[in-house]
Structures are given as structure tokens and as C-alpha cells.
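Colleague: Letter by letter, the chains look like this.
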Amino acid sequence: MKYIALILLTWFSTNQVGQEIYVCKNAKISLYSEAPLENIDASSAKAVSVFNATTGDLSFSLPIRSLQFQKALMQEHFNENYMESDKYPNATFKGKVSQKISGTQDGTFAVNVTGVLEVHGVKQNRTIPGKITVSKGVVSLSSEFMVLCKDHNIEIPQIVFKKIAESIQIKVAATYEAYKK
Amino acid sequence: MKKSLLILLLTVTAGVAFAQTKTDSASTDSLLNSLGGSEKSEPVIATFKSTRLILSQTTETVKKNNLNFLVVHRFGDIGGTDGGGKTLWGLDNSSDIYIGFEYGVTDNLDIDFGRSKFEQLIELGLKYNILHQTSDDHVPVAVTLIGRMGLKPYSVETNVFDDYTNRFSYLAQAVIARKFSSKLSLQISPIFLRNNLPFPYIQGNEQNIFSLAAAGRLKVTKRMGIVFDYAHPFSSFRKNSTSPYFYDASGVGIEMETGGHVFTLNFSNAKAISEMNYLADTESKWGKGQYRIGFTITRVFDLNKKHKGTYK
Chain A
1 MKYIALILLT
11 WFSTNQVGQE
21 IYVCKNAKIS
31 LYSEAPLENI
41 DASSAKAVSV
51 FNATTGDLSF
61 SLPIRSLQFQ
71 KALMQEHFNE
81 NYMESDKYPN
91 ATFKGKVSQK
101 ISGTQDGTFA
111 VNVTGVLEVH
121 GVKQNRTIPG
131 KITVSKGVVS
141 LSSEFMVLCK
151 DHNIEIPQIV
161 FKKIAESIQI
171 KVAATYEAYK
181 K
Chain B
1 MKKSLLILLL
11 TVTAGVAFAQ
21 TKTDSASTDS
31 LLNSLGGSEK
41 SEPVIATFKS
51 TRLILSQTTE
61 TVKKNNLNFL
71 VVHRFGDIGG
81 TDGGGKTLWG
91 LDNSSDIYIG
101 FEYGVTDNLD
111 IDFGRSKFEQ
121 LIELGLKYNI
131 LHQTSDDHVP
141 VAVTLIGRMG
151 LKPYSVETNV
161 FDDYTNRFSY
171 LAQAVIARKF
181 SSKLSLQISP
191 IFLRNNLPFP
201 YIQGNEQNIF
211 SLAAAGRLKV
221 TKRMGIVFDY
231 AHPFSSFRKN
241 STSPYFYDAS
251 GVGIEMETGG
261 HVFTLNFSNA
271 KAISEMNYLA
281 DTESKWGKGQ
291 YRIGFTITRV
301 FDLNKKHKGT
311 YK
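Chains as they are written, first to last, in full-length UniProt numbering: chain A, 1 to 181; chain B, 1 to 312.
Quick caveat, the hints were computed from the structure, so don't treat them as lab data. It should be emphasised that the depicted structure is a prediction, and the values quoted were computed from it without experimental measurement. Watch out, some of these pointers could steer you wrong.
[Unchecked claim] Each computed DSS-like pair below joins lysine-lysine, with the alpha-carbon atoms no more than 30 angstroms apart:
no.	chain 1	residue 1	chain 2	residue 2
1	A	Lys-123	B	Lys-222
2	A	Lys-96	A	Lys-123
3	A	Lys-71	B	Lys-222
4	A	Lys-87	B	Lys-222
5	B	Lys-183	A	Lys-123
6	B	Lys-40	B	Lys-63
[To be verified] Partial selection, computed: residues in chain A whose CB lies under 10 angstroms from chain B:
no.	residue
7	Ser-49
8	Phe-51
9	Ser-61
10	Arg-65
11	Lys-71
12	Gln-75
13	Pro-157
Heads up, the beta-carbon is just placed ideally off N, CA and C, and yes, glycines get one too.
Looking at chain B on its own, in the form it has when it is part of the complex (with noise of 0.2 angstroms):
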């Protein structure tokens, strides 16, 4: 009795084992997705192509022991007294050259240092990627922290530079960027502007200057696409000046990716290319020809060690 239910439960034991075979078989892509595969959360990459985008500076970071040269060009106005065919719509005239470079103490730390034409300003910084947003939304937008420190070395005749601490601004920005798709990115940024001298120095000017700066991309190929860049102060002396004028500095161009190289071309109606010089004074307007063909070079220099294989 005990043998023959012995060999029973055998049979069926093993019955069940073969069946499994045909079943398996399969299931051998079930087990393979159970295994693992992609991650479900990755960190969301390339939201900008670059660190800058014409006006505005993106949430993008130079990589761990790279190096950005940048250079950032707008000419003088296309229109209006100043433009015109007698300088080339603007191309005989610059009103701002800026000269940068951006390096990678990690891969979410930069510092920068650059230097403007305009208002002969120097400027060195800090940048660091706080956040990265996810791919499975856990965490929505990249944040990025900007600290810079401004100086004007020029010599002036007035007394207005006697204290020497009238020559340095300062600036703090957060950068909060979502890449909605592939295609488009947008940015929010609220920035905070200091200048020890109010700039331009005109009676009621104030020192301190809160703006909120918006930007984006739409990528059209796989490798150029559509930005544009808006800021606006919330300055009270900008809104009620009369003389001169102030305007909200924006811009739209298109921006070109060629494997080491990112080239912008681009219009706007701001003269400066630093933020401590658009956002306190933009005093030209679209409405009045006062716009400008502007170009952003920006080119990484791996200084990682030689390029050694890894391939065995």
C-alpha cells in the first residue's frame, strides 16, 4: 500500500515537472524582466545641451574635470539710430563681448570666471546641481544653485569708486528646470541681484534688485533646436524712469549641437551679456530697432586623463 502510493506521488511529482518544461520555456523572458533590466528611476540627462542659453544660464553643470571656453558676442542694433545699413545692421558694432570659462570640480560643482566688456565686469562663480529631476518623476524639476561675485576694475574720474567695495555686485540665482520630453525643456529662475553702487548710477536707483527670469528649448532635429529667454526686475525705479527707459531683456535664437561645440545664434534686445549687466540695465527695445544678432561659442575640453582604454 505504502509502496504503490509511494510511486503515485512519484508519478505525479514528476509529471507535474515535465509539464513545467513546456511552460518554462516560455517564461524564460518573464524571469529575464524579473531580473532586472533598466532602473526604474534614472536621473533625467541633457535638459540643456549647454550651460548658457542666450540670456539665461541653465541647470546644466561642466562635468568632473572639464573645461567650457566660452565665448558670448552681440553686436550693436540691427535698427533704429544706431543700425542701419551704414554699420552693417549692427555687424560693425559690439556691445558686448564676453570671454568665460567653466570648470567641473564635480560632476554637480562648477566654478566659473568670465569677463564682460561691458562695464569691464569680472566675474567669478560658483554652480551646483542640488537636484536632479528623475525619470519616473519621483523627483519633477533639476535645481541648480548659482553664487556670483562681480567686479569693475576701471578707473573713473569721479569719487563714486573712493570705497572700494562700490565696484563689486553680487548675485544669487536658483535655476529650476523641467525637461518635459525630449523636445522641450522650459525654466523658471528667481534671481537676486546686489549692486554695492547701484548701476546705473542714477538718483533712485536701488541697490538690491529681485528678478524672475523664464527660459527654453524646443529641439526641432535631434541636434538643433528653438531658445528663447526672458527676464524681468522687479524694480520700482525701472518701472517709473522716464530717462532713460528701461526694458525687460529677452531673446530668441537657435542653438546648434556639433559633438564637442554648442553654437547659439541668436536676437535680443539686451546689449550685456551678464546678468548683473541686462537685468540692472537694458535700455534698448525691439519696438525701436534696438535688437541685436548675438552668437553663444561654447566649446568642453575633456582634462580627464588620456583617453585609456577600458576594452580587455
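Chain A on its own, in the form it takes in the complex (with noise of 0.2 angstroms):
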């Protein structure tokens, strides 16, 4: 008894029982759009991420300027005139995930993320499906999901529209780690 209390109480005060939450410094986001000039794609590996497994509470933040392009200059509009980075500089989702999922039990869960994605200072709620892996202790996401420019007030001007589609389709992939105190 005295030892099942002792080991009890080291694992109670060590691991925060019932805070399950997990981070991510590096997820990988890219975007992707076809349009009848350009293809334009480009993608960070800076994104942070937190996924809180006890409340469901899943957040994303990505910096826009860490965004390479492979060309200079379309990087350079998509910061200056297109999303304003310098006045937005953060792109976010803060959600919930539809189904309990523990770091414990392995498997593959599909779910959908209700919240809020903030894009360009505009503010939408969305219900985004994601993909969610759990294998040894280790928790990874992957997600898909379409971006409209006019949901965020991301104006396209007429002389360059033929540039640029009006759906930016985004891509999401974090492997998360234990975060500790």
C-alpha cells in the first residue's frame, strides 16, 4: 500500500495526471493552387502547434513570412500585397477536436476540428477534417483543406487575376511530442 501510494503520488505530482498535452515547433504547411499562368506553391516548416488531448483543444500558428515560394518575387507580393505580412503577421486556428482521442491508445482516427481560422486578420468558423495518428506515444496530424481568398478579404486585383485562383488548398502535417513542464 505505501508503495503504490508512494509510486502514485511521484507519478500524480511528475506528470500532471490528466493533462495530456502535446506540441509541435516544426509543422509543416504548405499551399497549393493551380491557375491557368502560374502554379503557385509554397511551404513552411515553422509552424507551431498545440493539441491539448484531455480538453480536445487543437491551435495552430504559422508565420506567413515563413513561407518560401521558389520564385523571389511572387514571395515577395504574396507578403507585400496579397496577405500583408507585416500587418498580419501570423496565421492561426484555434479548435476543438470532435472525438476523444488519448496518446495511449494507438490507432488512426479520422475527426473533424471546429474553430476558429484567422487568415489575413478575418476571422472564419470552420469545420476542418483532419487525420489525427497515435502510434507508441507519439500523436501526428495531417489535414486538407480549401482556403477561399474572399472568406479573408484577400483581394485579387482584375489586371492579375488570371494569375492567382480564388481557392488556395492548404496541407498540415505534425508529429507532435509529450510537452513537459
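Can you join these two chains into the complex? Each is in its own frame, and there are hints to help.
Modeller: What follows is the structure, given as C-alpha cells:
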């Protein structure tokens, strides 16, 4: 009894029971759109994410400037003319996962995450489908969804509209590690 | 006794842990923020849309493996004796035409080549962006250094070019720019110009001219802005000369960006496009109608390997 209690005590105090928090500091986010003249694609591996498996809270933050384009001029225009990254430096998502996921239970779960997507300073309520995989205590997440430029007040001028698609496909991939205080 | 103490401790610890579950759900945000997100200090980009304003070069350089192609044009005098309806307000004449290429060796270093109609000047230069302004103002300005060499290849009847080195001119310039907001960017540049043969070739003219230029851009919309440019050569010869009179070069215009192109439509009193020419020889005056319509077209070509998808 004494030993069990001691073990439990240590476990409680060190492991913070009930607090299954996972973090990812190098989530990959890429965007892609196909347009008649020019495909746009960019990717970043500098997004950060926090997943609280206990509460189901899931959040992402992507520094817009970290998105790397192949064409330097396209990257400059993306930041300067479209995303206005000096005013709106981050794109964020804050939501809740539809079902309870535990880091101790292996498996692949198709989930819906409902929350607020903020891009270019404009918030949109979204339900985004994704896949959470738990394997030997490693939690990873992937998702694919579309963002419409007009939903986030991203203007495409008439003169260049052929170059840019009005909907952008976003891909997210994150591998989490348990958060240690 | 020991047992009950342990149980008590256990309950308290478990209780604390349980209580934290509630508070921590709200602190996911602060945890996310503490993980990083955007960098505190980023280099400021797009201080200017192009490598040139009207008269001045900007701090911007052409990025690696990109080629910037420029066509700059100055028409004839709008007013005065050479202007008016008979020349369609100068549109019949071209004071100067400049065709240039700027190639990005690295993201910060360009090699530039161009040719002017004015004095048939051929120029070769290097442009190096040595300092980037940062978003946290740790570095408050961007600095670009420019070195150019000019050659006048035309043939003359006189013996002024008997010594071939007399055909050369050299220009050293530092451009210091600050993007004050997404709308307003200003720059100032000290320029040193050396003409081996004083230009224009008049008794008393100096070989070396030090000048100071100021220029800026105020964006009206995201893709259109007002640009202005002014240059003052510190030259006692130019100040005192009465035949001809010399004036400071200045210009004002609008700048438009459409994807890879940047257009500038402007008015200026300077007839010449190259610094080597307009700093040394601007004899036209706004007040006498000796100003002209001009335009600049720049187009950036990306010579990097065929755009391959990084999207997987």
C-alpha cells in the first residue's frame, strides 16, 4: 500500500495526471493553387501547434513570412500585396477536436476540428477534417482543406486575376511530442 | 500515522493536478504563443517595388538568378522653344533612352549593364545590398552600395579622346532607405562622380562632383504610388556658370505594379537618365517649360530552373 501510494504520488506530481498536452514546433504547412498562367506553391516548416488531448483543444500558428516560394518576386508580392504580413504576421487556427483522442491508445482517427481560422486578420468559423494518428505514444496529425481568398478579404486585382486562383489548397502535417513543464 | 499522511499528500497532489485541468485548457493559447510563432525580427521587404524610381536607384536588388530588363524613356521638352503643339508637347522627340539589364548574382548582389542614348554612354556596375532594415528597428535603415563605370565610345573630330582614359567615368553611391510604413518609403544617397574628362567639356568644369540625392514613394493603393526624386550636385562651377546655366535634376511621377512589371510615368526636368549624365549636365529648367514626360518599364524574369512543385 505504501509503495503503491508513493508511486502514485510521484506519478501525479511529475506527470500531471489528466494533462495530456502535446506540442509541435515544426509543423509543415504548404499551400498550393493551380492557375492558368502560374501555379502557386509555398511551404513552411515553422508553424507551431498545441494539442491538449484532455480537453480536445487544438491550435496552430503559422508565421506568414516563413512560407518559402520558389520565385522570390512571388514571395514578395504574397507578403506585401496579398497577405500584408507586416500587419498580419500570423495565420492561426483555434479549435476543438470532435472526438476524444488519447496518447495512450494507438490507432488512426478521422476527426473533425471545429474552430476559428484567422487569416489576413479575418476570422472564419470552420470545421476542418483531419486525421490523427497515435502510434506508440507519438501523436501526429494531417489535414487538407481549402481557403477561399474572398473569405479572408484577400483582394486579387482584375489585372492579375488570371495568375492567381481564388481558392488555395492547404496541407498540414504535424508530429507532436509530449509537453514537459 | 505515516499511512494517513501519505494518503493526505496523495489527495492534495491529485486535487492540484485535477484543478489544473480546468485552468490549463485556457492556457493553450499562452503555450502556443510561448512556442514562438512569428519571429521577433524579420528583414523588411519591398521598401521599393523596383530597382529604380525616376532618377535614382533604390536599395532594392534583383534576387538570385533573376533578370530585370529595363526600358527608360525621356521625351522632349513639353514647353519652351522645343515644345508645344509642333512637337506634340515633346512626344516627337526623345531626350534619352536607356536600355538596361540587371542580373542577380545572389539575393543581395546584382551586376548591371546598360546603354544610354545620351552621350552614347555604356555602363557596367555592381550593386550590393549590404544592410537590411529589420522589423524590430534593430537596424533602422537599408543600405545599398553602388559602383558603376561608364564609357563613351563615340568618335570625335577633336583630340579630347586621344587619351582613351578620357572616355571613362566612375560613380560610387550609397543608398540609405527606410520604409516608414507600408505606404511611405524614403531614401537619401550621397553620390561621388568622377569624369576623367570634365563633362560638359567647358573651361573651369570639375572632374569630381559630389552630390546628394533624395527620393521617396508614397503608396496610394497597394499597387500604385506617387514617387519623387531630387538630386543636388555640390559644384561651384555649376553654381556660378551662366553659359550655360545648370539646374538640379528632379522628377515626380506615379508608379504602378502589375505582377512582374513595374511602370513609372513621370515628369522631370532632367534630359538624361544615367546619374553620370544628369548630375553633370542638367541644363533644363522647369520654369522655362523644359520638363518632359518620361516612363520606366521594368520586367523581372525568373531564370531559376523550371518551377517545380514543392507540394507533396
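Colleague: Confirm or reject each hint.
Modeller: Hint check results:
1. A/Lys-123 to B/Lys-222: holds, 22 angstroms
2. A/Lys-96 to A/Lys-123: Given that 30 angstroms is the threshold and the Cα spacing comes to 16 angstroms, the pair holds.
3. A/Lys-71 to B/Lys-222: Holds, because 20 angstroms separates the two Cα atoms, which is no more than 30 angstroms.
4. A/Lys-87 to B/Lys-222: holds, 13 angstroms
5. B/Lys-183 to A/Lys-123: Between B/Lys-183 and A/Lys-123 the Cα gap is close to 25 angstroms, so the pair holds against 30 angstroms.
6. B/Lys-40 to B/Lys-63: Status holds; Cα separation ~24 angstroms.
7. Ser-49: At about 8 angstroms, which falls below the 10 angstroms cut-off, the nearest Cβ of chain B leaves the hint on A/Ser-49 intact, so it holds.
8. Phe-51: It holds, given that the least Cβ distance between A/Phe-51 and chain B is near 9 angstroms, below 10 angstroms.
9. Ser-61: holds, 4 angstroms
10. Arg-65: For A/Arg-65, the interface hint holds, since the closest Cβ of chain B sits about 5 angstroms away, which is under 10 angstroms.
11. Lys-71: Holds, about 5 angstroms.
12. Gln-75: holds, 8 angstroms
13. Pro-157: holds, 6 angstroms
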